[in-house]
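Peer 1: First to last, the protein sequences are chains A and B.
Heads up: the first sequence begins at 1 in the UniProt record's numbering, then just goes up one per residue.
Heads up: the second sequence begins at 1 in the UniProt record's numbering, then just goes up one per residue.
Do not rely on the hints blindly, as some may be mistaken.
Pairs of lysine-lysine, DSS-like flavour, derived with a Cα cap of 25 Å [stated by the list, open to error]:
hint	chain 1	residue 1	chain 2	residue 2
1	B	Lys405	A	Lys32
2	B	Lys332	A	Lys17
3	A	Lys88	B	Lys83
4	A	Lys4	B	Lys335
5	B	Lys409	B	Lys389
6	A	Lys49	B	Lys298
7	A	Lys49	B	Lys335
8	A	Lys17	B	Lys329
9	B	Lys409	A	Lys39
10	B	Lys14	B	Lys371
11	B	Lys332	A	Lys39
12	A	Lys17	A	Lys32
13	A	Lys88	B	Lys55
14	B	Lys335	A	Lys17
15	B	Lys329	A	Lys88
16	A	Lys32	B	Lys371
Chain A is faced by these chain B residues, among others (derived, beta-carbon under 10 Å) [what the hints assert, rightly or not]:
hint	residue
17	Leu307
18	Tyr369
19	Phe370
Hints listed in this document are in silico derivations from the structure and should not be mistaken for laboratory results.
It should be emphasised that the depicted structure is a prediction, and the values quoted were computed from it without experimental measurement.
Glycine included, every Cβ here is placed at the ideal spot set by N, Cα and C.
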Amino acid sequence: MISKDEILHVAALANLKFQDDEVDSFVNQLDKIVNMESKLSSVDTTGIKPTYNMGDTNTVFREDKGVHTQTREQMLENVPEVDNNLIKVPTIVDKEDDE
Amino acid sequence: MDIKKETIASLHDKLVNKEVTAEELATDGLKQIKANEKKLNTFITVNDKAPEAAKAIDEKGIEGPLSGIPIAYKDNIVTEGIKTTAASKILYNFMPVYSATVLEKLQAAGAIDIGKTNLDEFAMGSSTETSYYGTSVNPWDFSRVPGGSSGGSAAAVAAGEVVAALGTDTGGSIRQPAAFNGIFGIKPTYGRVSRWGVIAFASSLDQVGVMSKRVEDSATVLSVIAGHDEHDSTSSEKEVPDYRANLSKDMSGVKIAVPKEFWHEGTHPDVLDNVNKALDAYKKMGATVEEVSLPSLKHAVEVYYILASSEASSNLQRYDGVRYGFRAKDVKNIKELFVNSRSEGFGDEVKRRIMLGTFALSAGAYDAYFKKAAEVRTIFIKEMTNVLKDYDLIMGPSTTTPAFKIGEKVDDPLAMYMNDILTIPANLAGLPAASVPAGLADGLPIGLQIIGRPFDEQAVFNAAYALQEENKFYEKIPTALKGED
Numbered sequence: 001m002i003s004k005d006e007i008l009h010v011a012a013l014a015n016l017k018f019q020d021d022e023v024d025s026f027v028n029q030l031d032k033i034v035n036m037e038s039k040l041s042s043v044d045t046t047g048i049k050p051t052y053n054m055g056d057t058n059t060v061f062r063e064d065k066g067v068h069t070q071t072r073e074q075m076l077e078n079v080p081e082v083d084n085n086l087i088k089v090p091t092i093v094d095k096e097d098d099e
Numbered sequence: 001m002d003i004k005k006e007t008i009a010s011l012h013d014k015l016v017n018k019e020v021t022a023e024e025l026a027t028d029g030l031k032q033i034k035a036n037e038k039k040l041n042t043f044i045t046v047n048d049k050a051p052e053a054a055k056a057i058d059e060k061g062i063e064g065p066l067s068g069i070p071i072a073y074k075d076n077i078v079t080e081g082i083k084t085t086a087a088s089k090i091l092y093n094f095m096p097v098y099s100a101t102v103l104e105k106l107q108a109a110g111a112i113d114i115g116k117t118n119l120d121e122f123a124m125g126s127s128t129e130t131s132y133y134g135t136s137v138n139p140w141d142f143s144r145v146p147g148g149s150s151g152g153s154a155a156a157v158a159a160g161e162v163v164a165a166l167g168t169d170t171g172g173s174i175r176q177p178a179a180f181n182g183i184f185g186i187k188p189t190y191g192r193v194s195r196w197g198v199i200a201f202a203s204s205l206d207q208v209g210v211m212s213k214r215v216e217d218s219a220t221v222l223s224v225i226a227g228h229d230e231h232d233s234t235s236s237e238k239e240v241p242d243y244r245a246n247l248s249k250d251m252s253g254v255k256i257a258v259p260k261e262f263w264h265e266g267t268h269p270d271v272l273d274n275v276n277k278a279l280d281a282y283k284k285m286g287a288t289v290e291e292v293s294l295p296s297l298k299h300a301v302e303v304y305y306i307l308a309s310s311e312a313s314s315n316l317q318r319y320d321g322v323r324y325g326f327r328a329k330d331v332k333n334i335k336e337l338f339v340n341s342r343s344e345g346f347g348d349e350v351k352r353r354i355m356l357g358t359f360a361l362s363a364g365a366y367d368a369y370f371k372k373a374a375e376v377r378t379i380f381i382k383e384m385t386n387v388l389k390d391y392d393l394i395m396g397p398s399t400t401t402p403a404f405k406i407g408e409k410v411d412d413p414l415a416m417y418m419n420d421i422l423t424i425p426a427n428l429a430g431l432p433a434a435s436v437p438a439g440l441a442d443g444l445p446i447g448l449q450i451i452g453r454p455f456d457e458q459a460v461f462n463a464a465y466a467l468q469e470e471n472k473f474y475e476k477i478p479t480a481l482k483g484e485d
């Protein structure tokens, strides 16, 4: 059984927040899904290597040479707030105490 | 022109013989899409510049088989200068500054990008109902879903808006909507097609593929988009065959395995009935059909939802409101910018997957969930590989039911996840797999699934082609569209 506290902890890890009225139904749904996923514990995987990626796992090499693709202007085209050709974001340090 | 009755080859002939120009095809195509849009909602964005691009092809002269042919792209494939949303609010204004390799390859072959089709948000879903831009509907019955996540591409093809469309398939997102819409759809081997410029969902499972009414049209398109790409180190360097030229409907001596676990207790009898008929047809064509067992199939959904959600939670970290897409307003600091942009920008299903994945990867759960699922994946891959040592193909139903009603499962995520049980195996094992129409049940299409050996897309195409030539399903007009033409 997944607790509400666990869900809130995971939400914090994922940089997500939920309204109070959403949390309970989310806890309920996630609990059911995690329960389903827990059935895997019945499979004996002693000595089995995990598969984390597919395809050829050989390391691919290329020449250590810079390739110019997009320009600075192009890279900034989708940025919500640009100031002086730089990406503008809110303060990194919490201002709350100063206000 | 009625695109439903055309193929890439027939359109090519008309272009070469100057019965129609590429510009007219693009203009007519856009007209057709716009006329259908209110009913079907298959597109998120149409490319109004398509006729202009087509005119340039006319002026240059029609060359290869795809020259001047309009093709639709699922809206999680980035297209320079054309809005790409992944059906999410978080990318509602995203204008890519480069194009996916698959688009560049098709454009180099002269194909025209006619627009971007609807999907479940970030391709997470089986019905298109999680799209921020509204659900698409099924052209066979407007009260039903077209499936998903490539539901817009599938419905667009079935409704004759395009002859072919690209989709992506992470757990069945090409094959399930192909089955629900009575068309062909193929997910190639993992690594067959470059994923460069495809918005990542689960990187060890995602693959781009093709959907069309006719098997031969997907064969033509796949030969163009497949192959190694230096931008995607998981793309294979294996040579790409000319699938279209090598098509053969000769099934004599082909060994087909039918896993008994695919005859899932929850599977609708109409589905089984149509699939059994298709298997009988293969026997008559000289193939052998034998029952095999995939004992770990019962754990496929568990493995898939742990791995796919974990990879998604990692891939979707990049959406933070800083460099592109939706940015929340009135925030105090950068942490709040991240949290609010993500919480306001993602829909419920995407949040659910991010939460599931973050949970499975978190300290304390990692070994029991993520690592365990990756180990069971190894066992499952071995079971599939062993079957394919003795057999050329694995077959079964593509879905457990025909297209379900809009709204029927949207509030029950677990029921929605169980939909994928028959399509997930090919993704977990990285195998090529297709859905080809097997028949109709109560006016709704049923798909046969065909899974092949790694990089043996040809065998999958050939078997699908053999059934297509037997049942000629492509002649059928989607029920709900009848009388509207």
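Peer 1: Does Lys371/B lie within 25 Å of Lys32/A when you go C-alpha to C-alpha?
Peer 2: 20 Å, holds
Peer 1: Let's test the interface hint: is any C-beta of chain A closer than 10 Å to that of Leu307/B?
Peer 2: This hint holds: Leu307/B lies near chain A, its Cβ roughly 9 Å from the closest one there, short of 10 Å.
Peer 1: Is it true that the CA of Lys88/A sits at most 25 Å from the CA of Lys83/B?
Peer 2: 23 Å, holds
Peer 1: Has the given pair, Lys329/B with Lys88/A, been kept, meaning a C-alpha gap of at most 25 Å?
Peer 2: 13 Å, holds
Peer 1: Verify the proposed pairing of Lys405/B with Lys32/A, using a straight-line Cα cut of 25 Å.
Peer 2: Given that 25 Å is the threshold and the Cα spacing comes to 23 Å, the pair holds.
Peer 1: CA of Lys17/A to CA of Lys329/B, is that 25 Å or under?
Peer 2: 15 Å, holds
Peer 1: Holds or violated: are the alpha carbons of Lys332/B and Lys17/A at most 25 Å from each other?
Peer 2: With a Cα-Cα distance of about 15 Å, the restraint between Lys332/B and Lys17/A holds, given a limit of 25 Å.
Peer 1: Are the Cα positions of Lys49/A and Lys298/B separated by 25 Å at most?
Peer 2: 20 Å, holds
Peer 1: Checking one constraint from the list: CA of Lys17/A to CA of Lys32/A, max 25 Å. Satisfied?
Peer 2: 20 Å, holds
Peer 1: Given a cut of 10 Å on the nearest C-beta pair, is the interface hint for Tyr369/B held or broken against chain A?
Peer 2: 6 Å, holds
Peer 1: Can the restraint linking Lys409/B and Lys389/B be considered satisfied, given a maximum Cα separation of 25 Å?
Peer 2: 38 Å, violated
Peer 1: Does Lys39/A sit within 25 Å of Lys332/B, going by the straight-line distance between their CA atoms?
Peer 2: 43 Å, violated
The structure does not agree with the numbered hints 5, 7, 10, 11, 13 stated previously, though it agrees with the rest.
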